[in-house]
Amino acid sequence: MALNLIENLQIKIKTSNKMETTSFQLSRRIKDKKIKRKKININIYVFWCLDSYHEDPVDEWAYLMTADQIEGSIYDEHVECPAYTLDELLNLLPDEIILLDKSSHFLAIRRSLNMKWPKYCVCYEDSNHNIFYPSCFSNKNAAEAAGQLLIWCIENKYL
Amino acid sequence: MQTTSPGLSQKIKKFNLIIEHIHCWRMILFNGKPIYILEKQSEMSESFPSDHYFPAYSLGEILEVLPEAIKIPCPNISNAYHEYRLQLCKNNSNYLFAYHWEDGSLRDFYNSAVYYKNPAEAAGQLLVWCVENGYVEL
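Protein chains in written order, with the working numbering: chain V, 24 to 182; chain E, 697 to 834.
Worth flagging that the hints you see were computed from the coordinates, not collected in a lab. Hints may be right or wrong, so weigh each one.
[To be verified] Keeping only pairs whose Cα atoms sit at most 25 angstroms apart, straight-line, the calculated SDA-like set for lysine to any residue is: (1) K736(E) - C144(V); (2) K57(V) - S789(E); (3) K813(E) - E148(V); (4) K163(V) - Y780(E); (5) K61(V) - K813(E); (6) K163(V) - C785(E); (7) K709(E) - P769(E); (8) K813(E) - E764(E); (9) K163(V) - I714(E); (10) K163(V) - V810(E); (11) K813(E) - I174(V); (12) K62(V) - L734(E); (13) K813(E) - H101(V); (14) K180(V) - H796(E); (15) K62(V) - N787(E); (16) K61(V) - Y811(E).
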């Protein structure tokens with residue numbers, strides 16, 4: 024009995040249903056920038072969906088579905104926008120940006136060791152690891168930080 | 697989303713690390729050859745033999761368990777350490793995760809210098825290196 028409980032507990036720790044993607048709001052902002060998904064080496068495409076009767080989409084009504092789930096679904100939902108995962112966003116982000124002073128900055132992911140700070144920072148930094156702070160976006164979800172950086176790159180014409 | 701390949705996933709599974717994951721590779725034999733199908737763990741049948749499936753990790757899931765920094769003893773100085781920080785290198789959509797230390801002009805990378813198309817695979821390779829070198833506790 025005790026062993027069964029321990030096994031169940033381990034399974035609960037190991038499995039998770041939350042797929043880390045950009046939030047619904049941020050995904051819609053990326054969609055508005057007319058960014059196209061790169062269809063290379065991706066196993067699973069995730070989308071934010073809404074039931075068809077929702078005309079004015081809000082966060083609470085949106086839910087995540089994979090391309091396979093949408094194809095096999097019997098319900099009446101519609102795809103609102105792509106939900107980007109971290110690896111997709113890394114693919115879309117430039118490897119390097121060159122600032123006005125001609126200095127090169129490279130894409131970096133940092134994870135904070137300080138529990139009080141947001142967990143991930145996605146940014147551009149120079150070869151001495153000095154972060155170019157306008158490009159630094161922090162969030163507990165790395166995909167959300169990378170998505171914000173993508174918007175920043177578009178708005179500042181680095182993409 | 698990309699996940700670690702079946703080969704690397706099997707290697708990581710052998711370490712018995714506790715890593716949250718959503719997807720699994722399921723192995724089926726077709727004409728005697730193994731074929732791997734990516735499935736959501738929550739949708740898998742419990743009756744399926746456990747040795748036929750193993751976790752498939754995404755980049756985000758691997759980053760959760762990779763140490764942000766590792767400490768390496770300084771040569772020639774007792775009780776002194778260099779802190780190597782986790783570093784992403786992206787080059788023409790190829791990825792390398794490594795531990796990096798910089799002091800003036802001196803740079804050093806840990807892990808191999810192999811770049812991968814799939815960032816989850818690149819991070820997974822570093823995780824294997826970390827476990828094999830004692831930087832991640834089993």
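How the hints compare with the structure:
1. For the suggested pair K736(E) and C144(V), the alpha carbons sit about 28 angstroms apart, so the restraint of at most 25 angstroms is broken.
2. Distance check on the hinted pair: K57(V) and S789(E) sit about 21 angstroms apart at the alpha-carbon level, within 25 angstroms; holds.
3. Distance restraint check for K813(E) and E148(V): the Cα-Cα separation of roughly 22 angstroms lies within the 25 angstroms cut-off, and the hinted pair is therefore satisfied.
4. As the CA atoms of K163(V) and Y780(E) are separated by approximately 22 angstroms, the hinted pair is consistent with the 25 angstroms bound.
5. Restraint check: the Cα-Cα separation between K61(V) and K813(E) comes to about 13 angstroms, which is no more than 25 angstroms; the hinted pair holds.
6. Proposed proximity of K163(V) and C785(E) is supported: the alpha carbons are some 21 angstroms apart, at most 25 angstroms.
7. Taking the CA atoms of K709(E) and P769(E), the gap is about 30 angstroms. The hint is violated against a cut of 25 angstroms.
8. A distance of roughly 22 angstroms separates the Cα atoms of K813(E) and E764(E); the hinted pair therefore holds under the 25 angstroms criterion.
9. A distance of roughly 20 angstroms separates the Cα atoms of K163(V) and I714(E); the hinted pair therefore holds under the 25 angstroms criterion.
10. Between the alpha carbons of K163(V) and V810(E) the distance comes to roughly 29 angstroms, so the proposed pair goes past 25 angstroms and is violated.
11. Distance hint between K813(E) and I174(V) is fulfilled; the C-alpha atoms sit about 23 angstroms from each other, no more than 25 angstroms.
12. For the suggested pair K62(V) and L734(E), the alpha carbons sit about 17 angstroms apart, so the restraint of at most 25 angstroms is met.
13. Taking the CA atoms of K813(E) and H101(V), the gap is near 32 angstroms; set against the 25 angstroms cutoff, the hint is violated.
14. Note on K180(V) and H796(E): the hinted pairing is violated, with a Cα-Cα distance of about 30 angstroms set against a maximum of 25 angstroms.
15. For the proposed pair K62(V) and N787(E), the alpha carbon gap of about 18 angstroms is at most 25 angstroms, so the pair holds.
16. Proposed proximity of K61(V) and Y811(E) is supported: the alpha carbons are some 19 angstroms apart, at most 25 angstroms.
When the structure is compared with the earlier hints, violations turn up for hints 1, 7, 10, 13 and 14 and for no others.
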